[in-house]
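Q: Protein chains in written order, with the numbering used here: chain A, 1 to 93; chain B, 94 to 186; chain C, 187 to 279; chain D, 280 to 372.
Each hint should be verified, as a subset may be incorrect.
In silico DSS-like cross-links for lysine-lysine, where the CA-CA straight-line distance does not exceed 30 Å [said to hold, decoys possible]:
no.	chain 1	residue 1	chain 2	residue 2
1	A	K8	C	K199
2	D	K292	B	K101
3	D	K326	D	K360
4	C	K199	D	K326
5	A	K47	B	K106
6	A	K47	B	K101
7	D	K360	B	K140
8	A	K47	B	K174
9	C	K233	D	K292
10	C	K267	A	K47
11	B	K140	B	K174
12	D	K360	C	K233
13	B	K140	D	K287
14	D	K287	C	K267
15	B	K174	B	K101
16	D	K326	C	K194
17	C	K194	A	K81
18	A	K13	C	K267
19	D	K326	A	K81
20	B	K140	A	K81
21	D	K287	D	K326
22	D	K326	D	K292
23	D	K326	C	K267
24	A	K47	A	K8
25	B	K106	B	K140
Keep in mind the hints are simulated off the structure, nothing from the lab.
4 protein chains.
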Amino acid sequence: MRGYTEDKDAYLKRLRRIEGQIRGLQRMVENDEYCIDVLTQIAAATKALQAVSLGLMDEHLRHCVAEAIAEGGETADAKVKEASDAIARLVRS
Amino acid sequence: MRGYTEDKDAYLKRLRRIEGQIRGLQRMVENDEYCIDVLTQIAAATKALQAVSLGLMDEHLRHCVAEAIAEGGETADAKVKEASDAIARLVRS
Amino acid sequence: MRGYTEDKDAYLKRLRRIEGQIRGLQRMVENDEYCIDVLTQIAAATKALQAVSLGLMDEHLRHCVAEAIAEGGETADAKVKEASDAIARLVRS
Amino acid sequence: MRGYTEDKDAYLKRLRRIEGQIRGLQRMVENDEYCIDVLTQIAAATKALQAVSLGLMDEHLRHCVAEAIAEGGETADAKVKEASDAIARLVRS
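Could you put together the complete structure from these sequences and hints?
A: Written out as structure tokens, the structure is:
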């Protein structure tokens with residue numbers, strides 16, 4: 001079980017929609033559509049991916065990190081560090 | 094013809110790879126893989142999308158914006174403004 | 187006492203350095219230095235601010251969020267939501 | 280003369296305001312203000328810096344890049360590459 005398991009269907013639905021957006025981008029490039037329009041769609045797909053990340057991060061804090069903190073000690077420290085590193089990757093991507 | 098048309102195959106290949114990454118994310122969620130590992134893969138897909146955007150923007154400046162600037166006047170102004178707005182969306186996505 | 191209080195001097199030192207970077211930017215603009223060089227320095231100041239944010243977020247998780255989680259119930263829920271919203275602002279800034 | 284020279288006073292005013300925001304952050308940390316409030320102010324300062332960057336980039340395209348494109352040849356190529364690299368740094372900061 002993961003923090004996101006309860007919302008798995010919602011996440012799968014969002015990821016399938018993003019997959020569709022990426023295929024849509026392929027069609028736009030295939031059809032030589034205007035660069036700016038392609039860029040606008042890429043920004044939309046990036047935002048959708050970002051929203052999935054933020055949702056997963058929230059659930060991770062709520063479940064995995066919370067459980068580790070309840071356990072305390074090194075387990076908690078390691079889990080918070082791991083979460084902070086993931087937040088840094090998210091901010092820098 | 095678009096600025097990117099000459100490199101169309103390369104862009105299509107990259108977008109198909111990103112599509113594969115998104116399907117890979119669906120499998121990870123399907124299999125309840127660890128949140129942090131899913132987040133790491135999302136950051137990788139986001140970076141790949143970002144790189145496609147930066148490539149397209151470079152080609153757009155080189156071709157579409159350059160042609161409009163050569164034309165001068167309002168055509169040039171409008172094209173630069175359009176590019177600047179796209180850069181802002183890219184920075185904020 | 188805050189999560190960052192123990193490292194207050196380090197954070198103040200980093201913020202003073204960023205203040206110096208911003209004054210340096212003013213001098214560059216005052217002296218009509220080349221746009222790209224100004225942009226490069228702005229990117230450096232932005233990265234420095236980002237690093238301060240990530241440090242504060244880590245300490246916040248380690249102390250404030252951990253304490254609230256230990257308390258459990260609504261206190262924990264509210265504190266995690268608040269942290270997630272702050273992570274979203276950080277990602278979108 | 281630079282692309283931004285005509286708007287120099289406006290840029291200097293904005294940079295001085297950002298400098299004030301950074302000093303404000305120092306006071307907040309000095310006074311042990313709540314982490315989330317400090318993070319919120321950092322996000323605001325980051326956005327302000329980002330807006331200055333986008334303004335400078337627009338002016339750079341309008342003047343420096345446009346002049347180089349009018350000149351054509353290697354000068355234009357080098358100037359567009361330089362602008363694209365600066366856009367990449369902006370996106371990744």
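Q: Could you run down the list of hints and mark each one as holding or not?
A: Against the structure, the hints come out as follows:
Under the criterion of a C-alpha separation no larger than 30 Å, the hint pairing K8/A with K199/C is inconsistent with the structure, at around 44 Å. Distance check on the hinted pair: K292/D and K101/B sit about 44 Å apart at the alpha-carbon level, beyond 30 Å; violated. For a cut-off of 30 Å, the pair hint linking K326/D to K360/D stands: about 25 Å separates their Cα positions. For the suggested pair K199/C and K326/D, the alpha carbons sit about 22 Å apart, so the restraint of at most 30 Å is met.
Proposed proximity of K47/A and K106/B is supported: the alpha carbons are some 22 Å apart, at most 30 Å. Proximity of K47/A to K101/B is assessed by CA-CA distance (about 24 Å); at most 30 Å being required, the pair is judged to hold. A C-alpha spacing of about 20 Å is found between K360/D and K140/B, which places the hinted pair at or below 30 Å, so the restraint holds. Taken as a hint, the K47/A and K174/B pair is honoured in the structure, with Cα atoms around 22 Å apart against an allowance of 30 Å.
A threshold of 30 Å between alpha carbons decides the hint, and for K233/C with K292/D the separation of about 22 Å falls inside it, so the pair holds. A C-alpha spacing of about 20 Å is found between K267/C and K47/A, which places the hinted pair at or below 30 Å, so the restraint holds. Of the supplied pair hints, the one linking K140/B and K174/B holds, its CA atoms being roughly 25 Å apart against a limit of 30 Å. Pair hint K360/D plus K233/C holds up; C-alpha atoms about 22 Å apart against a cutoff of 30 Å.
A C-alpha spacing of about 34 Å is found between K140/B and K287/D, which places the hinted pair above 30 Å, so the restraint is violated. For the given pair, K287/D sits about 42 Å from K267/C by alpha-carbon distance, which is inconsistent with the 30 Å threshold. The straight-line distance between the Cα atoms of K174/B and K101/B is roughly 25 Å, inside the 30 Å bound, and the hint therefore holds. The hinted pair formed by K326/D and K194/C meets the criterion: a straight-line CA distance of about 24 Å does not exceed 30 Å.
This hinted pair checks out: K194/C and K81/A have alpha carbons roughly 20 Å apart, not beyond 30 Å. Annotation: proposed proximity of K13/A to K267/C holds, straight-line Cα distance about 23 Å (limit 30 Å). As the CA atoms of K326/D and K81/A are separated by approximately 26 Å, the hinted pair is consistent with the 30 Å bound. Annotation: proposed proximity of K140/B to K81/A holds, straight-line Cα distance about 22 Å (limit 30 Å).
Straight-line distance between C-alpha atoms of K287/D and K326/D comes to about 19 Å, which keeps the hinted pair within the 30 Å bound. Using a Cα cut-off of 30 Å, the hinted pair K326/D and K292/D holds, with the two alpha carbons roughly 16 Å apart. At most 30 Å may separate the alpha-carbon atoms for a hinted pair to count; K326/D and K267/C meet this at roughly 22 Å. With a CA separation close to 19 Å, the supplied pair K47/A and K8/A stays within the 30 Å bound.
For the given pair, K106/B sits about 16 Å from K140/B by alpha-carbon distance, which is consistent with the 30 Å threshold.
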